[in-house]
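K.L.:
Each chain, letter by letter, is given below.
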Amino acid sequence: MTARPAAGLPKPGEKTGSAVTWRLAHEIPFSWGRLGYALDLFIHLVSLEMRLLYKQSWLGVFWTLLNPVIQLLIFSLIFSHVLTVAVPRYPLFLCCGLLCWNAFTESLTMAAGSIVNARNVLYQLGFPPSMMPLVVVTVGLIHFIFSLSILAVLLAWYQVPLGWPLAALPLIIGIQGLLTLALAFPLAALHVRFHDVKHLLVVVFRFMFFLTPILYATNAFPHVHRMLYAANPLTHLIEGYRAVLLDGAWPNWLALAGVAAASIIVLFFGFRYFQSRRFQFIEDL
Amino acid sequence: MNPVMKIHQLGKQFLCYPTSRPQSIMEAAVVAWQRKQADEFFWVFRNVNFEVFPGEMLGIVGRNGAGKSTLLSLMAGLLRAEEGSIQVRGKVSALLDLGRSLHPLLTGSENIRASGLLNGLTSRQVDERFDQIAEFTKIEKFLDAPVRTYSSGMKARLAFSVAVHTDPDILLIDEFLFVGDEFFQAKCIERIRALMQNGTAVLLSSHIAEKISTHCDRALWLDKAGVCRIGPPDEVLHRYHASNSAAASLPCSPEQAP
Chain A
2 MTARPAAGLP KPGEKTGSAV TWRLAHEIPF SWGRLGYALD LFIHLVSLEM
52 RLLYKQSWLG VFWTLLNPVI QLLIFSLIFS HVLTVAVPRY PLFLCCGLLC
102 WNAFTESLTM AAGSIVNARN VLYQLGFPPS MMPLVVVTVG LIHFIFSLSI
152 LAVLLAWYQV PLGWPLAALP LIIGIQGLLT LALAFPLAAL HVRFHDVKHL
202 LVVVFRFMFF LTPILYATNA FPHVHRMLYA ANPLTHLIEG YRAVLLDGAW
252 PNWLALAGVA AASIIVLFFG FRYFQSRRFQ FIEDL
Chain B
7 MNPVMKIHQL GKQFLCYPTS RPQSIMEAAV VAWQRKQADE FFWVFRNVNF
57 EVFPGEMLGI VGRNGAGKST LLSLMAGLLR AEEGSIQVRG KVSALLDLGR
107 SLHPLLTGSE NIRASGLLNG LTSRQVDERF DQIAEFTKIE KFLDAPVRTY
157 SSGMKARLAF SVAVHTDPDI LLIDEFLFVG DEFFQAKCIE RIRALMQNGT
207 AVLLSSHIAE KISTHCDRAL WLDKAGVCRI GPPDEVLHRY HASNSAAASL
257 PCSPEQAP
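Sequence lines, in order, name chains A and B.
Each residue of the first sequence is one higher than the one before, starting from 2 at the first, in the working numbering.
Each residue of the second sequence is one higher than the one before, starting from 7 at the first, in the working numbering.
No wet-lab data here; the hints were simulated from the structure.
Don't be surprised by glycine CBs; every beta carbon is placed ideally from N, CA and C.
All the pointers check out, no bait thrown in.
Residues from chain A that keep clear of chain B, each with C-beta distances beyond 12 angstroms, as calculated:
1) F31
2) T110
3) S131
4) L179
5) P223
6) N253
7) A261
8) I265
9) F270
Anything over 10 angstroms on all C-beta distances counts as not near chain A; from chain B, calculated:
10) F48
11) R52
12) N53
13) F59
14) E146
15) K147
16) L149
17) G159
18) E188
19) I214
20) A248
21) S249
22) N250
23) S251
Below are the EDC-like pairs computed for lysine to aspartate or glutamate, each with C-alpha atoms no more than 20 angstroms apart in a straight line:
24) B:K97 x A:D41
25) B:K144 x B:E116
26) B:K97 x A:E28
27) A:K56 x B:E116
28) B:K12 x A:E28
29) A:K56 x B:D150
Looking at chain A on its own, in the form it has when it is part of the complex:
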């Protein structure tokens, strides 16, 4: 041990080149090296979250599938036999909406708590807090893509012919991710200060579940109501999934572009708000 006390140290003078420029202590100037580091950190955190979520659980990642399967069974049973909804291939129809809804709400709930739960990591120097919502939303999206296998099984069961519009599926998933991310930043920042956010989300989601066309189709309503539904971005996403997967038709591009544009605007302001609160996190936690 004492034989080589300076093992692994750079030789004197070796690192002087990297340390010439002055910076403010709380600012990290942009560099390509920094971006590469951020990418490494991102990959690490995503894989960590994936592993930790189901660590020490017996069924592991199958919980991701089990939960929507049970929901599907219950809703299919009720709405096919008790309160009949006039939609053909109802389980498949339901599945499109339910998976999208679950992914959206679960990601947002997790994202809202992402900064509070990352309390320990926030004390690491140079750790960008904005990484946490991004990681949580990415993990949510990975689980969503994984849960699409249920949909694949149903599609095979009903022998639905799939066509070229399937190529639009990644795009719709991408827009869903963008929308989730846009809301994740401001919610995560707000939740640090007001822990009400999480409870509020539960209430809002409970209402929204029935106001979003998950269990029923939008064309079951008169025109005025349809206008209201159009204001809900999830409507367009779910209808997009249904068009692509059930009808083999291209989605409504205009509506999807609208959702994407709105998401980008919200993301811009939400991210700015998040960054402005960044130094308050440690003081508030």
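Once you've looked at the hints, dock chain B against the given chain A.
P.N.:
Using the frame of chain A, we list chain B on its own:
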């Protein structure tokens, strides 16, 4: 010699707890309009000026609540000051909270990788240094066990080993060096000396005056009145002790505790 850190007219404010702190959105709305006239901030310290030079160890002394940890957090860039500026050159590493970032469910070696990344290493750098770090911990036998089974000393070793293998230009240490057993402490000091010979500046905060006087080249005293003195450790510590024995008879002011 050129400094690695310049601190100019630094001042940090904190909110006064708990009187005005809104705990819910409702309260915030109620408080929002009367916010302006309420005097709810206090200065932890103000007008702090000093420079840190490469290869030196600067000790920070002060009573609880004098702002030692706050000062280190500001240097680390975790907090932002209301007044003045801190300028740094090069990479800052810190041991601000011992083992806090370790994940209890991950194994020791997974935690080395994780905290290497969180300390600013790229994954390639972590891979290169992994063996060195693992060897330095001297708990190689337990590296495959989850960290929740570790003792606090073992966690300290893990956290410290990673932090000193990140080539910092400035190393911030908060009360931490004196946690492990004396053998590990000696090893830490040795490693820190080696880093200092390579030009790393070390800032050490402690309220144990003896540690400061044995290890540090200079000492900084943060007083709660916002006075700050810097100079040779013995001189500064002498004044610090003198003020403490004078203040010992006075009751502790209530706004001290955060």
